[in-house]
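Number of protein chains: 4
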Amino acid sequence: MIKVAIHGASGYTGFELIRLLLKHPEVELVTLTSRKFAGIPISEVFPALRGVCSLVCEDFSENEVGKKADLVFAALPHQASMNAVPSLLDSGAKVIDLSADFRFRDEKTYSEWYQHHSTPELLNEAVYGLPEIYRDKIKKARLVGNPGCYPTSVILAMAPLVKAGIVELESIIADSKSGVSGAGRGLSLTTHFCEVNEGFKAYKVAEHRHTPEMEQELSALAGKPIKISFTPHLVPMTRGILSTVYANLNPGVSVDTVTDVFKEFYEDAPFVRVLGDGVLPNTLYVRGTNFCDIGWKIDNRVNRIVVVSAIDNLTRGASGQAVCNMNLMFGLDETTGLLRTVWQP
Amino acid sequence: MIKVAIHGASGYTGFELIRLLLKHPEVELVTLTSRKFAGIPISEVFPALRGVCSLVCEDFSENEVGKKADLVFAALPHQASMNAVPSLLDSGAKVIDLSADFRFRDEKTYSEWYQHHSTPELLNEAVYGLPEIYRDKIKKARLVGNPGCYPTSVILAMAPLVKAGIVELESIIADSKSGVSGAGRGLSLTTHFCEVNEGFKAYKVAEHRHTPEMEQELSALAGKPIKISFTPHLVPMTRGILSTVYANLNPGVSVDTVTDVFKEFYEDAPFVRVLGDGVLPNTLYVRGTNFCDIGWKIDNRVNRIVVVSAIDNLTRGASGQAVCNMNLMFGLDETTGLLRTVWQP
Amino acid sequence: MIKVAIHGASGYTGFELIRLLLKHPEVELVTLTSRKFAGIPISEVFPALRGVCSLVCEDFSENEVGKKADLVFAALPHQASMNAVPSLLDSGAKVIDLSADFRFRDEKTYSEWYQHHSTPELLNEAVYGLPEIYRDKIKKARLVGNPGCYPTSVILAMAPLVKAGIVELESIIADSKSGVSGAGRGLSLTTHFCEVNEGFKAYKVAEHRHTPEMEQELSALAGKPIKISFTPHLVPMTRGILSTVYANLNPGVSVDTVTDVFKEFYEDAPFVRVLGDGVLPNTLYVRGTNFCDIGWKIDNRVNRIVVVSAIDNLTRGASGQAVCNMNLMFGLDETTGLLRTVWQP
Amino acid sequence: MIKVAIHGASGYTGFELIRLLLKHPEVELVTLTSRKFAGIPISEVFPALRGVCSLVCEDFSENEVGKKADLVFAALPHQASMNAVPSLLDSGAKVIDLSADFRFRDEKTYSEWYQHHSTPELLNEAVYGLPEIYRDKIKKARLVGNPGCYPTSVILAMAPLVKAGIVELESIIADSKSGVSGAGRGLSLTTHFCEVNEGFKAYKVAEHRHTPEMEQELSALAGKPIKISFTPHLVPMTRGILSTVYANLNPGVSVDTVTDVFKEFYEDAPFVRVLGDGVLPNTLYVRGTNFCDIGWKIDNRVNRIVVVSAIDNLTRGASGQAVCNMNLMFGLDETTGLLRTVWQP
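Residue numbers (this note's numbering), protein chains in the order written: chain A, 1 to 345; chain B, 1 to 345; chain C, 1 to 345; chain D, 1 to 345.
Think of the hints as simulated: they come from the structure by calculation, not from any bench. Think of the CB as a built atom: it goes at the ideal place given N, C-alpha and C, for glycine as much as any other residue. Do not rely on the hints blindly, as some may be mistaken.
[What the hints assert, rightly or not] So the derived label-pair ranges between C-beta atoms look like this:
(1) B:186 <-> A:86: 56 to 66 Å
(2) B:251 <-> C:255: 44 to 54 Å
(3) A:59 <-> B:23: 30 to 40 Å
(4) A:204 <-> C:59: 24 to 34 Å
(5) D:254 <-> B:23: 33 to 43 Å
[Unchecked claim] Below, simulated SDA-like cross-link-like pairs (lysine to any residue); rule was C-alpha separation at most 25 Å, straight line:
(6) C:204 <-> A:47
(7) B:3 <-> A:47
(8) C:163 <-> C:187
(9) A:204 <-> C:23
(10) C:204 <-> B:166
(11) C:67 <-> C:107
[Unchecked claim] Here are some chain B residues the structure puts well away from chain C; computed CB gaps all over 10 Å:
(12) 26
(13) 39
(14) 58
(15) 83
(16) 199
(17) 223
(18) 229
(19) 256
(20) 264
(21) 274
In isolation and in its complexed conformation, chain A is listed as follows (with noise of 0.2 Å):
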């Protein structure tokens, strides 16, 4: 049994992780901590898990908590887990970070888009935990940047194409979808029930701080630098993540082509599904699982291609990914306890 630590459990993320490694046949739960509710039951914190999670939140301490586990998952907010993260590292603890401060191999990058690095050496090790790229490297990883969840969902819409070469590199668009609980369980009006039922809008045009991490995967995929715009919008549902994103097609790429170039990328990956051409996915049949599922549709008229992918962003956009990449990390299959998940209505 692995044991394991969730370090900041609080949050959306943290019940999610829980709710998976609660049913993880060779995980055992041991810490679970929370500043704010230390000392408090998480059962009260969130009270679906009355009866089903008897752990008590404890206060912060990187140097016990990396102790008492094999493997901690830090859900974080950014900054915060960057100066947690090396602590847990020198206590013995193999660590999955789910904040964006381990996603970015370009100290600089991160620098502009967030804030000064305090460990920038630790950037060399963390692997990018998105083990539809990057299996080989997780399994041997000490320390994993866990994607975040919009650049999961249009890496995995892209990431065939590019790789090939039959799309227009500066071309790409990505108009993303997301439900409420990628805001968090911190207060504010924008999560206010009435100001966001009933409602559908944008936000973070052109600036949204995952745009460099789909731009870091699909560059390194391509050979060659690459910008894309991002825009990313608020659903009025809980969960969920729909991305669409567009790119013009190279000359004389049929559809069949495409087909090939999608079932070939990810003829071993468990846990994307591929639709095909003309195929749409809805969040509702991925909603609670780690799957990704992904269909694309041609257009002639204009030629250029439009990829929709769908995930739910708690499961695959964060802690089912997670838990994905510490499967790898410890040798286990990929699915184990995550693959006959599935829920709808």
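Based on the hints, put chains B, C and D in the right spot on chain A.
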């Protein structure tokens, strides 16, 4: 492994059974039937099942279904079920029927509220599948009549008080609120998104067919006939039932007595979470689970108790309870495959 | 034109007043106040008002507000209102107070359920602003205590029966369900989208402060003290209250008697739509309107009547009713500016 | 008073017309028709109208309808409209057609995307009812083809930029999101509450029939043929469309230029609220109104502009715009009966 068939798999209770059984460690799902979708993969009927369940819907044939399976879940409309169950039993399978057809011990009650019963002799054999009350009988049953969603929530809320004889029996009023999935997957203006969304209503006031089911079980516990008021309402959400049940307290009944009565009644019930006096449930906290959460408040000003219970109508109110009954019928622990499945948000 | 001020305009009842008054043919909206948003255009507080209302929020100053306006709507929290109203009156304005501070005739009831009352002498003068009962007094009032949202729905459902003396007075149970806007625009986990969405719960069972307000009015109609049970619930939708009210019928009361009693009581009430026996309301059909829809069903099996009423909590339950009271206080037809505003879907 | 008929009043655009016309100071609603509900009071079809509208649905008879009314709103499905409109015109009424049948100037485009057109000669006469572009022509029109919901939002977002010639015409991509009422009141699994709620999806990617309508109008403004990418999505809410429209900016176009272009284009448009650079709309703020809110953001990193527009699909996207067109056709101010109707939350 128990070989299991779902007869009538294309509705929401069918889906919920598939969802739960796919994760069940002791079950092999061998057959799904659907008249409407015969020949169609279930993953086309419910796209969430893509890559997770490869079964193809088979046409109805009770003899064959019953031969292939050790247990058949009949997820048919009432009346259809009544006609199918005898053949299923004859072919050697045990049957858990999710319709109303085998819930009543008294043929007359059934015929008054539903229609003529074609196999009344089976009513004597059938066991009402509420484990908290009939656990031992269910273990030995060949045929279980799985309780209705509303009755599950109301009976569990009132059973301890009625059995203890501490409330006025003629004063019971059950005011229940259900999510829309309770109305099934069929098409009607009643379930059209724009007619449900942002609206709240009562329906079938004083004439809902779940009333006599509640009365049957509460009368049995009381040892004399009880009639209750029951009002169902429709909540603009997919899953969940909350029942607010009122009764006048007998003179001199204290808060402590009430607490003791609930704790004792549910001492050995892994799926009832007794929250206590002044602690109130929320359907959100039981979503996707087999739990029934129960809290209450005594209103001393009017000497009345208000008991509030919450269940997921598709899980505890139908398919989860059916799986629990299967566990009992096959000598497994009641909670096998069910307990650690939580969901919030 | 009536010159109108809204004192405390930045909450949901403030917005609703603005929405209704902008369309009112006999009103000039002269002043909006908000301590929090002083100096900010109201169209920044509520972006729906861009291009429609150019007023800028002013800081609190009861003397000035009262001088500028013929009528002030006080849309403040209780206690704050109590302190502001005397100055408003002194400066010559009439006042409709939307808080609880001037709804009670008995200072003791107020102090038991709320807190010490600083201006109890005004309680004698204030008129309870339910037009169906106090129309004539409202016409002459200088100060109106505008009814609470839940009391409006419950009193209107029960008033005819209680006044006619055809129900058992000690048997009344009001089970009410409200949309989330009733909780106001303030921030709390209770109104966080992900904590409300897809969940249903009861709250403040047997201790909600609207209880004594219902009891005051029903007792007055009955001519003797009545105590009732009241249970509020939260519905995952923005607007609307549905109240399901139970009472034992006196012996021999027929369906026709009940119908006559309702029709007669509401004969001259333009904003009550008496639906009749077996016809049930839906909050969707009263959204954005000042209507109260009332239907009922007699349950002969238990000799009990179930009355169901539906209102929009922000319109009929607060601001629409306040505008109706204003109409009466200024000699206008009760329906001016209100009647033909419907909304569905 | 203008005598108005609604031909096909039982759908959501029919209801929305009734809602708006009941409040219109210059309109008398004389006739509602519905084949399905002939002989039934409209207040039974839409219970919100109880006590507010006493009209009874009449069966279809174009001759009679046209004779009774000065203006007929045809709210029929396409093809049905094409067959009804000539008779309506012949009987002397003016017609505003809410279907797609009279929106195209080129018969060939219509037949390619819809079907054979039975009265192509009327296509020359019909005016496309977008007041911001065709105000003068609408004033003189006998027949107006009322724009589609998606085209209204996309054309208004792009018209100023295309007309000013400051974007690359072949680069336009419109990513639109609509509430469920856009799918109409008919029954299908697509609009079943449990299939829509908590899910988000794209549909008819690269093949939606509103595409050529957008292209017709943007091409006319550009003075040369434009083809665009258009992707519609379904949002789990009742009303509202948000369109996010992308285009590459021509070299050297500044933020100020863009602002000037928008301000100038909509200088005299009472129903377009130009929010400006970096200020983004929300469908919540235009709900129930005829406004189109437009904001944008220039993404200098990729030299692309992202324009976001929000409308209410039933009001500005259908019936509100139709009423606005009626106002113009009868010499009224464009805003009569429409402007001060706001709604939030």
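Which of the listed hints are not met by the structure? 2, 5, 7, 8, 9, 11, 16, 18
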